[in-house]
Amino acid sequence: MKQKVPECGVLALCWRGLAGTGPGLRLHLGSCSGPAGHSWRGPNTDLSMGMELYLDLLSASCRAVYIFVKKNNIPFDFQFVDLLQGHHHSKEYMEINPLKKLPSLKDGNFILSESVAILLYLCRKYSAPSHWYPPDLHMRARVDEFMAWQHTAIQLPMSKILWIKLLIPMITGEEVPAGKTKEILDEVNKNMQLFEEKFLQDKMFITGDNISLADVVALVEMMQPMAGNHNVFHNSPKLAEWRTRVELTIGSGLFLEAHERLKKLTEWDCSTLDPTVKERVSKLLQKFK
Amino acid sequence: MGLELYLDLLSQPCRAVYIFAKKNRIPFELRTVELLKGQHRSDAFAQVNPLRKVPALKDGEFTLAESVAILLYLSRKYKAPDHWYPEDLQARARVDEYLAWQHTALRSSCTRAMWQKMMFPVFLGERVPPETLASTLAELDSCLQLLEDKFLKDQDFLTGPHISVADLVAITELMHPVSAGCQIFKSRPKLAAWYKRVEAAVGEDLFQEAHAVVMKAKDLPPADTAMKEMLKPLVQVLLR
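Heads up: the sequence lines are chains P and C, in that order. Taken in order, the first sequence gives residues 1 to 289; the numbers are from this note's numbering. Taken in order, the second sequence gives residues 1 to 240; the numbers are from this note's numbering.
No lab work stands behind these hints: they were computed from the structure. Positions of the beta carbon are idealized from the N, C-alpha and C atoms, including for glycine. Certain hints may be false.
[What the hints assert, rightly or not] In silico DSS-like cross-links for lysine-lysine, where the CA-CA straight-line distance does not exceed 27 Å:
1) K153/C <-> K125/P
2) K287/P <-> K228/C
3) K125/P <-> K150/C
4) K216/C <-> K53/C
5) K153/C <-> K91/P
6) K22/C <-> K37/C
7) K218/C <-> K37/C
8) K77/C <-> K203/P
9) K182/P <-> K228/C
10) K125/P <-> K77/C
[To be verified] Pulled from the structure, derived: some chain C residues nowhere near chain P, Cβ distances all over 10 Å:
11) F45
12) P50
13) F62
14) E97
15) L124
16) G125
17) V128
18) D154
19) R188
20) Y195
21) D205
22) L220
23) L239
Could you put the whole structure together from the sequences, leaning on the hints where they help?
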């Protein structure tokens, strides 16, 4: 089976491909350590093992899943798939997820991708407290609504900010033209406003008085630009308060732990970057000029 | 006032909602929102959906956006047959997985393919660089391959032996490039067979009815200056 993929080597650099094929961060680089868990080297044939989660906490989608399982004390085996090393493109990982994306879940023979699907699966299988995905028809619909909207309205633009503010300058040594930067930031600002006005409104959390999956997914995505030193909360006291509230509800320790790897991204030494990858990033930059 | 569905059948997600509601005999008032006339941008419509997109639902005081959320809401409220959104843990996860993936994969390439191949030249009188169109069609092809290899595989429907909301969401997307003359099923017998199964499961009449508007899009009279002006931001997005 010939599978055509919009990627070159270890890097998916079609600008749309950044969003369409995953967490938007695939760079061949020196190693970065993740939290407890071993680097994954191949498929696990030991079926007596518990549930496995294939994660790299650089990805917002992975952080949402990680936070949820830890918060709910769901036992799992952390399989670190290093995005910076391009391990998600390895033959072994493609057997787990032919979409080459993170996160993935492996529960016995059952393999699942897409963080939203994984979160819902975990909620149901482990009977998580009902506030995470409320049984009330309307409240549940609100969670579904946000989870659908966020793919293109939040996750994608937040990931673009990280590229524009950190990764492209780091790799190419050049800044993205101001016009393009402004365009992306305007889009993010517009969507943050919509988030505040439509989803959060004057409530404590998206569904009302209690945290749900939607708040976790929203916040981890909004944290992505932080690695590029861009704070999307600074314009809105209401959103900043919501952010703190969600963080505290999750637990600051867990929240910080989940974001440690993202925080360290600025320390990444990109001199070991594969030259073909570097060239692709440069080409992407040229498109904006 | 009962259930109202704000739809423009030109839009893929609207068609999925329409087919689902009709197939399950859910009583609703159809409120047409014409995208090409910019009706989704009106302040009146923003009261229904501040995101200014279709489809949108209004059920008494409750409003809801996003086709996936609407489909799940309808299936729960009106207790649609299990196969649409199965109760079984793993079967449901497969549907959720498709519904999540498609937002940034199939949706994007199907919309671009239809607009770049047909709407731009025919409706807007705008030239699309051949490289841009070629790149879009290649991306579409890539998504179709994933659809076949990762989701459909050797099953009758995308997520198992029975039709689900995932199939409705997918088929309505694929009809977009079809309406523009893209022969996506020609070299893909597996997908073509699935398409026939979905159409049969939905009912041919309902399927044709839901797709009447988009299939006639190629015969739309050219847009006037005002319309072109209004559609400019969309043009910029879709030409990238």
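Task: Violated constraints from the hint list, given by number and in increasing order - done: Per hint list: 12, 13 and 14 violated.
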